[in-house]
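Start from the sequences, fold in the hints, and give me the full structure.
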Amino acid sequence: MSQAVRLVFLVLAALTVAQVIALFVFRLSRERSERRDAASQAALRAVVFTALLGDDDESQGARDALRARTGRRWEEFEEQAFTMIPKIKGDAREELVALLLSRGASVRAMTNTRARSYVRRARGAYQLGALGQRDAVGALVGLLTDHSFLVRRLATRALGQVGDPTAVTAMLDAAERDPELTRDVTVALIRVGLACAPELRADLDTSLHTPGHRRRGSIAARALGVIGDVGAVPVLKAVLDDEDAGSLRWAAASALGEIGVPEAVPVLLRVLGEDDPSLQVAAGRALGAIGDPVAVPGLARALRDPDRDHDSARAVAGALRRIGGEGLEELERSDSVYAAEALALQLVRQGA
Amino acid sequence: MDVVDVVRWALTSLGIFFIVYSVLINTSFLLITVLAFIDFSSYQRRLDFKAYDEAFAEPLTPGVSILMPAYNESAGIVESVRAMTALRYPDFEVVVIDDGSSDETVPLMVEAFDMVEVPLVVETSIATKGEVTATYLSRQGSRNVLLVCKTNGGKADALNVGINVARRPLVCMVDADSLLDPDALLHVSRPFADDPERVVASGGVVRVANGSQISGGRVARVKMPHRWLPRTQVVEYLRAFMIGRTGWSRMGGLLIISGAFGIFRRDVLLELGGLATDCIGEDAELVVRMHRWLGDTGRDGRVVFVAEPVAWTEAPESRAVLRKQRSRWHRGLAEILGKHKGMLFRKRYGVVGMLSMPWFVVFELLAPFVEIFGVVFLVLAVALGLGQSIGWVHVDVLNDDVVWYLLASSLLYAILLTLSALVVEEFSFRRYRGARDLAIAIWAAFEENFGYRQLNAWWRMRGAIAAWSRSHPEWGDMQRQGLGERRP
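As given, the protein sequences belong to chains G and W, one line each in that order.
Positions 39 to 390 (the working numbering) are the ones given, in order, by the first sequence.
Positions 821 to 1308 (the working numbering) are the ones given, in order, by the second sequence.
What the hints contain is simulated information worked out from the structure, not anything from laboratory work.
Ideal Cβ placement from N, Cα and C applies to all residues, glycine included.
Some hints could be false.
To be verified - Pairwise CB distance ranges (calculated):
{"id": "1", "chain 1": "W", "residue 1": "N892", "chain 2": "G", "residue 2": "R308", "range": "45 to 53 Å"}
{"id": "2", "chain 1": "W", "residue 1": "G1036", "chain 2": "G", "residue 2": "E301", "range": "36 to 44 Å"}
{"id": "3", "chain 1": "G", "residue 1": "V55", "chain 2": "W", "residue 2": "L1164", "range": "38 to 46 Å"}
{"id": "4", "chain 1": "G", "residue 1": "R172", "chain 2": "W", "residue 2": "L880", "range": "24 to 32 Å"}
{"id": "5", "chain 1": "W", "residue 1": "R902", "chain 2": "G", "residue 2": "E69", "range": "29 to 37 Å"}
{"id": "6", "chain 1": "G", "residue 1": "L66", "chain 2": "W", "residue 2": "N1219", "range": "41 to 49 Å"}
{"id": "7", "chain 1": "W", "residue 1": "R1047", "chain 2": "G", "residue 2": "D93", "range": "17 to 25 Å"}
{"id": "8", "chain 1": "G", "residue 1": "F47", "chain 2": "W", "residue 2": "V840", "range": "12 to 20 Å"}
{"id": "9", "chain 1": "G", "residue 1": "P249", "chain 2": "W", "residue 2": "V840", "range": "48 to 56 Å"}
{"id": "10", "chain 1": "W", "residue 1": "V843", "chain 2": "G", "residue 2": "M39", "range": "27 to 35 Å"}
{"id": "11", "chain 1": "W", "residue 1": "V843", "chain 2": "G", "residue 2": "L139", "range": "54 to 62 Å"}
{"id": "12", "chain 1": "W", "residue 1": "N972", "chain 2": "G", "residue 2": "A130", "range": "57 to 65 Å"}
{"id": "13", "chain 1": "G", "residue 1": "G298", "chain 2": "W", "residue 2": "A932", "range": "33 to 41 Å"}
Take a look at the structure:
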């Protein structure tokens, strides 16, 4: 065996031994620290719950004990509190946020958003969202163009938690740049709620006339639907009327179904007769969701259409089932296999 | 140059080839491991911010149809389906496709889930061999369990019927004997919601359940198995499936999603015509065909792998069953790579065509051949060395260093690599706990290289040869112990 071979063996053997030792050391030390942390967190959680939910005397005592924490002990509490905030609601949440704000958590979170480490910036965005302070909107909007995807995602979610409608355009811009933020932006807009509806309507209207804005338009339409913005019905109907709007029309049809206004029935029935199967499905489901019997004759005509594809026919039959009454009678009169399926499903739902 | 010189040159060249091959395969895997580590780190950080808890309550989570093909699964089907219905997910249905079972699978399902026959309309977009004879719907809970009875046509055919029947936009294919973690569906469907325009398929990690404590159709306590074959497969799955696929996914070149746990867009499956029924490894073939379709149509689509969601499967405990499984897997790989060889080195297929497929040909398909010939070479070299030392061989035809380098690059380096995979697992998901399980895993990382690897290479080589000679496939049933209530 030459010197070089010995060296190779030595290096590989040393690396092997080092890995084995590292594995044991890491596992044993981490399991020990996990046990320790779990015990201390359980004790801390009990104090926090007492502070938030206990009797007046107990609660005050626990709050004083929490406020008296300093240094590492306060950091432990702050960490714990930030994981609890998204899971609690109402007064308890407000009190926990107030406790954190009283000790400068907002300033520390803002400092985190400017850190060089993307993990710290992400944490900062998360903390600002949990605290829900409107003065954080500027910093969070700035993070929407961060080079780290994690930071962009958490900033988007945080903007939803803060609930300030001034950030709507910035969020839609972010979704336009980054398809992976589609869901986060939609959810954030839904969290902002009706307050952001005017901006969403305006953006949807612009998207309708701007080629290449399909994604942001679809996001706006979906959010308006889930929010249930009745004021958006005219613009959503305008989208459906525009045959060049492509996939935006699917989102608009679904949104009209979610909003549930009967005035959308005529336009939905009209697009139900178009050739796009995805649009037919969205329109059929929307008509079922609205549940207005006025739609029954149109749906019955669609059910008799032999060229309708599987999903579309199923959506039409499902809509008649959801309308009930006249819709069910129409299904009973129909010889369509989809009608038979819908009636059987209705029986199962009724527990028959 | 005399005969001895020629033999010496030939043996040395061969030895150097084996060394270079070993170094390349192990180093490429080391790079994949590093990429996987980076991916796990960012994934873990994402989880720190609890976005997944929020996702459960969000109204935009896409609906999923879980397809469970079943053939004579009366022993565990009810428990498996019950475990599926308990998954944490806002909108899903479980579609059990009975592929013409001759046992009590159907009556047991009907009774356990209070099922009633309903005339569901089955789409015919995907042509199927078997014919649907009845469809049932459960009257229990949220009435989201469907049973489709069909005449026998094989697993791929059953899945195709399931795709036709599915009523949700996403389709999750799960083996009837797989156990899913409660949040598995939530995690693995997340990429579709994050990037609905581009993600077409997503796969989750499959781990070995042998040895673990199983309760109520769930892996309640993860433990390392004690027996040789399953414990070796634990580290093998970790290295090859979890680390390997995560690394490839990070590069954008994920070629395979396991049939035991994969989720797909239904509209894409319909457009592709479902799973191929004429090849082994239909799940892997589907993903390769999906890549091909994306490249051919110029669509910007993604196939992703999510390391956290876990499906647990029972690994073979006997050599006979393992032989069949590995031979079939490799035969499937050979068939798929042969069927789609037109994708090799074509830019339009991106990383898959330019890197993943060539890598799979050189370091997966051909690896067992190199391994077997490498073993023969080593045996010959050792015999020559022994012959020299006892005076039977009087010529020096092989440099000792070549043999030592080969041992270092193929054995020591491989052990190091598997230990690296354990280190990555330790720093990320750490599903196994306690020093004892760690010791078993480390031991398995060593022992895998002495016997198991060589046997595996032999079986895989035969699988590839069978594919090329187009011999009749060895189907056979996968004999399993069953993953019912079990304590380690």
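Evaluation of the provided hints:
Taking 45 to 53 Å as the suggested C-beta distance range, the pair N892 (chain W) and R308 (chain G) conforms, at roughly 52 Å. The hinted range of 36 to 44 Å is not satisfied by G1036 (chain W) and E301 (chain G), whose Cβ atoms lie roughly 50 Å apart. V55 (chain G) and L1164 (chain W) have their C-beta atoms about 41 Å apart, which keeps the hinted 38 to 46 Å range intact. In this structure the supplied range 24 to 32 Å holds for R172 (chain G) paired with L880 (chain W), their Cβ-Cβ distance being about 25 Å.
Roughly 33 Å separates the CB atoms of R902 (chain W) and E69 (chain G), a value that falls within the hinted 29 to 37 Å. Checked against the hint of 41 to 49 Å, the pair L66 (chain G) and N1219 (chain W) passes, with Cβ atoms roughly 44 Å apart. For R1047 (chain W) and D93 (chain G), the Cβ-Cβ distance of about 57 Å falls outside the hinted range of 17 to 25 Å, so the restraint is violated. For the hinted restraint 12 to 20 Å between F47 (chain G) and V840 (chain W), the CB-CB distance of approximately 18 Å keeps it satisfied.
About 54 Å separates the C-beta atoms of P249 (chain G) and V840 (chain W), a value consistent with the hinted range of 48 to 56 Å. Judged by the Cβ atoms, the range 27 to 35 Å given for V843 (chain W) and M39 (chain G) is violated: they are separated by roughly 19 Å. Take V843 (chain W) and L139 (chain G): their Cβ atoms lie about 58 Å apart, and the range 54 to 62 Å holds. Evaluation of the 57 to 65 Å hint for N972 (chain W) and A130 (chain G) yields a pass: the beta carbon distance comes to about 58 Å.
With their beta carbons about 38 Å apart, G298 (chain G) and A932 (chain W) fall inside the hinted range of 33 to 41 Å.
Hint compliance for this structure: hints 2, 7 and 10 are broken, all remaining hints hold.
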